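Undergrad: So the chains spell out like this:
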Amino acid sequence: MIHSLFLINHTGDIILEKHWKSVIGRSVCDYFFEAKEKAVDPEDVPPVLQTPHHYLISIYKGKLFFLSVIQTEVPPLFVIEFLHRVADTIQDYFGECSEGVIKDNVVTVYELLEEMLDNGFPLATESNVLKEMIRPPTILRSVVNTLTGTPVFAEIQGVIEACVRLTGMPDLTLSFMNPRLLDDVSFHPCVRFKRWESEHVLSFIPPDGNFTLMNYHSRGHPVYVKQSISFFETGPSGRLDITIGPKQTMGKTVESLKVTIHMPKTVLNANLTASQGNYTYDLATKVLVWDIGKLNTQKLPNLRGSLSTQVGAPKPEDNPTLNIDLKIQQMAISGLKVSRLDMYGEKYKPFKGVKYLTKAGKFQVRT
Amino acid sequence: MTTMQRLLQLPVNAVNIVKTVQSQVQGQEEDKSPVLTPDNAQHSWYSALQPDELRHLRSGGSGGGGGGGDHEERAPLEDGSGGGSFQSQPLRHDDLKEMLDSNKDSLKLEAMKRIVAMIARGKNASDLFPAVVKNVACKNIEVKKLVYVYLVRYAEEQQDLALLSISTFQRGLKDPNQLIRASALRVLSSIRVTIIVPIMMLAIKEAASDMSPYVRKTAAHAIPKLYSLDPEQKDQLIEVIEKLLADKTTLVAGSVVMAFEEVCPERIDLIHKNYRKLCNLLIDVEEWGQVVIINMLTRYARTQFLNPNMNESLLEEGSGGDKTFYGSDEDEDDDEEEKDKKEEAHAMAKRKPYVMDPDHRLLLRNTKPLLQSRNAAVVMAVAQLYFHLAPKAEVGVIAKALVRLLRSHSEVQYVVLQNVATMTIKRRGMFEPYLKSFYIRSTDPTQIKVLKLEVLTNLANETNISTILREFQTYIKSMDKDFVAATIQAIGRCATNIGEVRDTCLNGLVQLLSNRDELVVAESVVVIKKLLQMQPEKHSDIIKHMAKLTDNIQVPMARASILWLIGEYCEHVPKIAPDVLRKMAKSFTNEEDIVKLQIINLAAKLYLTNSKQTKLLTQYVLNLAKYDQNYDIRDRARFIRQLIVPTEKSGALSKYAKKLFLALKPAPVLESPFKDRDHFQLGSLSHLLNAKAGGYQELPDWPEAAPDPSVRNVEVFTLLERVTTLTSVPEWTKCSSREKRKEKKVEKPFYSDSEGESGPTESADSESDSASGSESGSGSEESGSGSESEESEEGSESEEEEEEEDEDEKDKKKKKKQELKKPVQESESEQSSEEERKHQRKMKQCKSDTESESEEEDSESESSHSESEDSESEVEVKKKKKAAESKPPSKPVKKESKKEKKEMSLLDLDDFEPTPSPQVTPVNTFLSNSLVTDLEGLSLSDAVLSPATIAPSSALKSYELLHRITGEGLSVEYCFSRQPFSPDANMVAVQMQFTNNATSETKNLHMEDVKLQSGMRVKEFPEIELLPAGETATAVMGIDFCDSTQAANFQLCTHTRKFFVSIQPPVGELMRPVFLTENEFKKEQGQLMGMNEITEKLTLDVKCRNEHAIVQRVTTAANLSRVPCGSDKECRFAGRTVNSSSLVLVTVATKEEGAAQLTVNCEKMVIGTMLVKDILLALTQ
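Going down the list, the sequences are from chains A and B.
Residue 316 in numbering that gives the first Met the number 0 is what sits at position 317 of the first sequence, and the numbering runs on without skipping anything.
Residue 1076 in numbering that gives the first Met the number 0 is what sits at position 1077 of the second sequence, and the numbering runs on without skipping anything.
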């Protein structure tokens, strides 16, 4: 299935290669480099490339390309999922998945790859199993909600991430106060599907360490944005007025609120006043960042002022989109609440804890 | 100084040895090296010496001090600048060689790490092979691992040397540790050296029957490796694959199917027998295996089942209702062909209404939960399976899961969107509710944007087009111009597909013509051109508008499009057209080639329609073209001149010039590039590339008629061993020689997921799942409700029969009945239970014959009379309850019925020729209490009715559940009745005895609030409505302890009070006896060695030094049956755990003076250890 793997940094150096069948020369990567040259952004490199004798399937993660060489038919998602698993494993082992870390631990990474695939077919991909075989270098269980959406379309994408350090074969049951909120879910393989379908509880024997127990999907969004950005047909200026207010936050404070706007190229400078927080405008990249911090519900944060545009340049035709970043501690915006976690199968009393967090994912506001 | 010398000696030594070689090549250069000048003299003289002499020299030098100093300085010099790049590489290698040769593991490890790092960076380390291969037998596991890594990488290049390592692996293959065996096989099979093919073959064959599933998995992995090394081995490898396909562990399943796909994907026949098992195991297979299995099963299903949409698609076509837009043209083309087909199919449909094969259904049902997998590849695999195999009405379920994948990594999105795009063409309705999920974010990479656009376009219809167009409008403002161009194309496609919005789209596009961005305008022009072609007469003003654009627009494709439009529809713009030509003639020389060609075309067309005004212009253009640099253009000019300008020479063609140029051209069809891609299996690489990739297996078309479904039936395995477990009579074997013969054919149960080694995350409820799956797989699903009613009838019938009929008559009647039933056995499962009862009676008879031989054992194995009475009354209750239940049978009931059906075949052994029944069930069953009592009524002979036979062993131990005082007068005792629990074979029957010691009656005795460890299940006892004071009642409940000794906690409720109680089973009650012959016992024991075997020495209790006492004590401690044994020094017992059917083998070997040795073999090590303790206790006290 997977013949070889090359790890390539963003400048195009091969930092690691591993072959599971016969050795394939590095020159095969040239087709990839060619495609990479063409692409404006690393993300734009097509994940699947065809060369005269091979197929190249790659992912881009942590400023690295994971490029696999394939010779025969294989489901592309199979390879892509596996490559992400490799990246996740490296991340899990060394805390991050970056060029430096891989270079520093090149032998361990190589050994890991050896264990993860046998003859190109996945062998051991669970991090707890791998850690039994290859030694790597904290008790926390958190529910992280990430949120994505635009006023056009809002959805909540949630994950339950688990960190389990329990000896023996504990059998855990996690139940929610309001499981009906969950629209669509996917599970770690340890979760018993049947039990979820019949009772809406998560019943599982967890692997050791950190893992993603469940992904889910729900609806709703936590803040509203009132904005107006306009450029005048005549005169080199425009106006900007943005107000942000809370919405279904259940009294919790919205933190680390940040608005990022990619301004049209013709906007030379911004002369604004923020009622709360600071703003910066990067002249080179044309990015306006308004760092609000905590959202004050009494006096809603507002940013207004004028924009100066290039003299003589026509009015920008499209209004920029607002990207909003935020965090809400101790609340899952989906409203999901863990009701209880029970452990069976072992006699001791485990330490349990849950942390809720809402983060903005891709929150874009079209103007 | 001297210690320092010693420290330095090693590298210096290495340096110098190399030097001697090198200096011969390089000596002169080095002499000149400015860095080395101070040492020059000395260097040159000693570098000429041989290493041997050098050693003398050095020892002398170290004594002399000065010389030593020189060396010290030299070493760093050589390493650093002196050696230079030429030297550093081989230098370091020698260094590594020395380290590898040392005795210290730490040095070896360090060296290996550096070598592997070199490999990882793609540097050549092959010259170290001899040094590394020596360490293959190194004791240090870390070093060993790295040596293996090295070997696998370089063995192919150094075949001869690699052979040195083979014996190490061969030894490893015999290691008692499964991990070592597996890793030895892994490395051995990864060494790509042709000479060792026979060794590999042998190793694979051996490993394929290894007792460890992990080793078997490795064997499966090794198969494709060997195949790629030597394809000639194919036939032998297929045999191994066949063997491994029959493996019942989840660990092996994925790997062997992968091997199957790589070696012999065409041998679909190998799958038949394993199909149901694979379906049932699927959910517990690791995710990568799931993908491979699902893809393979998709192909399999296409060859074995009928198209579930056969009828639907016909109807659809007939009414012409839900045709796809793009299909319309073709429909007309091969109308007749289609009609024929339709008629044919209609006829077929009439002949035979479609009924889905239960195996087909099994596959769909068992894959569905995997749509919730976290692994995108698994979700995609299930999605494609549904797309290709499911009835149209059911395909919808995959949409949600696929949409979920759109929130994953962009690479995943890329692949999923490609597949969704193909799906939306065939089944648009499925994704319509998720329209908004395909809206484009400004941060999406361009390739994702374009794919989303494709999906949105495919989803567009009359109802949602306005929303989609509004969305498209925002996209046009995007800064990503490629994306804008794609959007304009998409608008064009929507316009051609949906007549209602054509004008709106056209207007929108025309507005875009005034866009500032030229690319946008150009793309619009191209699209407008296509749209106008559909109805040109209406839009002459648009054409006029576009004519004006020629002044500004520079994009060649757009200019060419405009010119073509004007030429094509010059009648609609008679005034403008010549003027455009005039302008174009002026700029002709500066135009791009495609524009030039269109200018020539325009000129030709105008010449033909309006020669008066344009004759000269045309001449001029043609003259310019005549001398163009591009030969295409010159060609075209020549050709057109001949064609349109009448001369004497001009041929016959010029007459037709008008027809040629002004013919009506068909409007272009704007097609999705994803049309018809679904002939590739979705989710495959070939589908993504829209080209067949190497090794791609075509997805076959549905067969016209379904192949024989019986090929998937699995061979019956006789129930013999099962039913015999009823009795622990060792002499059983003497009973029937016929049965004995049959016994040899006994196959292992397929579906039992008993291995327990199949991974840490194996879900505990999987076993019951797979078991229930297997039963539905056997084809009686639809008939479930039918058999239930049958059952109740049967029940009442049998009660009537009880007293009235005499045995012989009954016997006859039953035979008759059975004969009648045979054809419909599949659906009528419950009936067979009767036969089973009958059979049981037979066995009892048999047993009573042997009674005299061992009375003691009889009393042990049979239930006491008093208890049987109890159970009888309880059976009454149960019956009532059953009658009250009007609902179709729940799973456990069904399961049981299957078992009984199977057992019927056993009966056949006695009475008829054996009829193979297609069912196979893994679970051990024997008759439940209720059945035993039922039997009484149906008895064939007095002997069976004799109380002694049904009397349970007095040895059954009772436990207190609720004390009289805490229970306020209610006392409850329970015992493990050792009877099978009929509603669910995975449950242990717990018999409870309620005694009301109070003065008032107790009402509504029932249980509530059951708290169980996960995986455990309880079947509650039926409520006891009334328990008068001083009375006693009995009830039976079933608990599935999941083969653990965890307690089941629940509340015992009366009408007034609730009591918390808990039942904890001794480990010996978690099993049920199983009958094995001596040989089987030995064979099974041989497979449960190593970690699965526990041995203890003990001294037997004084009272327990004869065989009888031992047997009695062991069978009291654990629910096991005795295995016949030739030696009187040994007692053997066998059983299987109730839940997972893992074998439990117990051997007690006695020696002189009460010394004995106890051996327990059990796969489940926990059970084994606990059992050893319990039996030890029983035998020593």
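Just to be clear, a hint being listed does not mean it is correct.
[Said to hold, decoys possible] Mimicking BS3-like on lysine-lysine, the simulated pairs with C-alpha atoms at most 27 Å apart in a straight line are:
1. B:K585 / B:K537
2. A:K62 / B:K122
3. B:K122 / A:K193
4. A:K20 / B:K233
5. B:K537 / A:K193
6. A:K264 / B:K122
7. B:K1018 / A:K20
8. A:K37 / A:K62
These are calculated hints, taken from the structure and not from any lab test.
Since the structure is predicted, the reported quantities are computational estimates derived from the model, not experimental observations.
Undergrad: Run every hint past the structure and note whether it holds.
TA: Okay, the hints, checked on the actual structure:
no., hint, verdict
1, B:K585 / B:K537, "violated, 31 Å"
2, A:K62 / B:K122, "holds, 24 Å"
3, B:K122 / A:K193, "violated, 51 Å"
4, A:K20 / B:K233, "holds, 19 Å"
5, B:K537 / A:K193, "violated, 61 Å"
6, A:K264 / B:K122, "violated, 47 Å"
7, B:K1018 / A:K20, "violated, 54 Å"
8, A:K37 / A:K62, "holds, 17 Å"
This entry does not satisfy hints 1, 3, 5, 6, 7, going by the numbered hints stated previously.
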